[in-house]
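J.: Heads up: the sequence lines are chains X and G, in that order.
Just add 1006 to the spot in the first sequence (first one is 1) and you have this note's numbering.
Just add 690 to the spot in the second sequence (first one is 1) and you have this note's numbering.
I should point out that these hints are in silico values taken from the structure, not numbers from a laboratory.
We treat Cβ as the ideally placed atom computed from N, Cα and C, and that holds for glycine.
Covered by chain X, according to a simulated footprint, are these stretches of chain G (three or more residues, beta-carbon under 8 Å):
| # | region |
| --- | --- |
| 1 | 786-798 |
| 2 | 846-855 |
| 3 | 864-875 |
| 4 | 965-973 |
Restraint ranges, calculated between C-beta atoms of paired labels, are given here:
| # | chain 1 | residue 1 | chain 2 | residue 2 | range |
| --- | --- | --- | --- | --- | --- |
| 5 | G | Gly872 | X | Ser1522 | 31 to 39 Å |
| 6 | G | Leu723 | X | Arg1048 | 25 to 33 Å |
| 7 | G | Leu860 | X | Ser1522 | 30 to 38 Å |
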Amino acid sequence: MTNAHFNRRAFLASVGGTALACALDAPAQTGPRTSITVRIDRDLAVLDPANRTGPWDGNVMRVVFQRLMKQKPNSSELELDAAAEVRQVSPTVIEFRLKPGQMFTDGFGEMTADDVKFSFERIGLPPKDGAKESSYKADWLFLQGVEVKSKYEGRIVLTQPRANLYDVVIADGSGCIVSRKAVGERGADFATKPVGSGPYQLVSLERQKGATLRRNPAYAGRKPQYEEISIRFIPDARTTDLALRSGELDFAVLAPASAEPLRSVAGLTVNDQPSIAYVWLGMNVEKAPLSDLRVRQAIRLALDVDQMLAAGYNSKAPRLNTLLPPQILGHWREAPVYKRNVAEAKSLLAAAGASNLKVKLLILNQANYQSMALVARALLAEIGVTVEVDAQEGGTFWNSGKGDTGKNIDLFITRFNGKHDPNFIMQWFVSGQIGNWNWQRWNSPEFDALYAQSAGEVDPARRRQLVVDAQRVMDKSAAFVWLTNEANTLVYRNWIRPAGVPGWIDWQYDDFGTAS
Amino acid sequence: MSAGEGTRTAEAMRYLASRLVTTVLIVLGAMLLLFTLSAVVPGDPATTLLGPQATPELSRRFVTEMGLDQPLYIRLWRFFANALTGNLGTDVISGRPVAGLIGEVLPYTLILTFSAIGLAVAIGVPLGVFAATHRGSVADNVLAFISVAFIAVPSFVIAIFLLLIFAIWLDWLPVLGASRTGAFWDEARRMILPTLALALGWIGFIARLIRTSMLEVMAEPFIRTSRAFGLSRRLVTYKYALKNACIPTITILGMGVGRLLGGAVLVEIVFARPGLGRLIYQAISERNYPVVQGAVLVVVVLFVVVNLVVDLSYSAIDPRIRHDASRRGATG
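Sequences and hints are given; from them, build the entire structure.
T.: Shown next, in the form of structure tokens:
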């Protein structure tokens, strides 16, 4: 037996060795890159389509699972994915035929029409055998059922026509096709150990750290360029900036202000993209004095949206003049662009008999909302409206409009994520959402009717007109001051060609490639 | 066994028993407080978690699943009964057991905490001794300045500076504080900056504390007597003075470990490193009560266990503490 000696010499040698190991960086990849590291700012939680928690989960799911149809690279147009054919045989019936030989990973066999039936019905129909109801049941609104005609063929039957079924359901998270057998066998573990047939398979998922995707060799569709995608959860924008500079990160989406310092960094591309999120200042039309249309019109005229955006977004976010941004069907191009007019605002207040008004402006306690709220407070002070800014953290803020609590709101600034569908964006403003997400408590039978008609209208031109008319009704109410649909700034290595559905809420990991 | 030894053993057992009872009471009290805070905090978890997708029916179902529609006393009873059997509940987002989530991030927290405290002790103690034995010298003054500076600057600010210097300017170390692959060496080099960021403040603190305690102890008559008996300065300083001067430092270290277990959240965020602090922070903002309760409970248990070990260790260093405590216990 020998005695271990730990003397000064041994200590220095071990410290030196450790320092050398630290100084040596990871071996650099030579030749074309086979893997990339991307940043997400929310933690991945549930990779089961029926219970996903948001777009960050959805982005991973859409490459792990196949859908009947999916978006073309960098486009909102659809192409076939798992289906060899999809046919709308009537306003309420869609027939599909699967490509044969599409295999689920981990030995769960070939995808069949029965898997499609199971995948759609477990979200859209009431659960059987005490199973948990999906959080996304509303996505499959009007689903009567999926009929299996043969191993590869089936029919989706609706109770009513739905104009947006393809864009926001079939080609999105709720259209992901899971293996019936795998869901049954894995149970709750399916959320973190998903079994799909898509271009990538999940090889690791760790809380607060992220996930690793590896190319699925059995995928028969367009082969992804990168063998591996490492998805890192980095909540802090400053850390993201440093990781991009140091080369540890290859792709991130940042707020324009956070991305600004990276424009001068060699080797990085900074690319501004319009978003389809929407931010607005809303007014509670049930609560005096805002219940008076003239008071709301006065507030709208007293505000200067451009000044607010300069404060909140360093003028890097485009101004929004109506609910739907330009990329969405039914965007109202001729929507009025309100200019600040203090004199007219004062005369409207005088006509309403309103003086020395005091209102609260509810916002989320984030820097950009706080900056916009302070500008709004200063602008409204000029017409004699005193604003108290009420900044709340997320938990309290998102609860503020619920039930009777919502009756106490005066003004608020909020932001919702959008999708490439007008009805998805309009749905939060119908009267049925009062006490839920319609914080304006705005009840317009005319808007409700236009919303319902446009949801079932399959002719794009007629649908566009209905949606524009709905926005006109919103404008007349003066309950909304549209601010911005924001902007996303993509930051990536020069050799990367990123891919995402315009608006950049939905990313397309499988179509990320190398810049030519 | 002699009568004296028997008395000492009985004393030690009484002391240990009293500390264990206190520990259990602290944990139970913390559980009660934790439950109460979760019950009174404003904000509805269904709204926060489900977002604009939430229909009223879905929100109601969610509340039922979380058991929030039950009377408070039933929720309290369930919380205690489950926690005492090791069931920390289910994460309402992923549906996974909370214990599993904590198990994933706990190693990161423990390694970071003990590395930081270990580094702080390894550097802070010698610096403190050096400052005490060179009282009033230039080196003492410089050390005092540096120590106070380290104490005053928040760890997340230090973290950002460390990143700028070592990861960006010098390009020696990585920005991200957790390895993608989990490989040992990669993990070790990614640990260096987070550990330094947390340790620097503690190095200053420990150095100041040791210096002050050493100066007090070295003025004691037994030190002079030891020197008068011809013992070397080195032996007196390190064996007698330092041992006695360590007691307040050990106490502070116990508190320090507790603070770092759940309180390193900003450093964890800056380095994008998993950890209990981040887990708790995220769960609070999502009103994910089972995760908040489970993770905080784990922090509390670890905290009281560490402090129990600390108590026992300084009673071992200074038997008067044990003797006094057990005598107080005996006389009520």
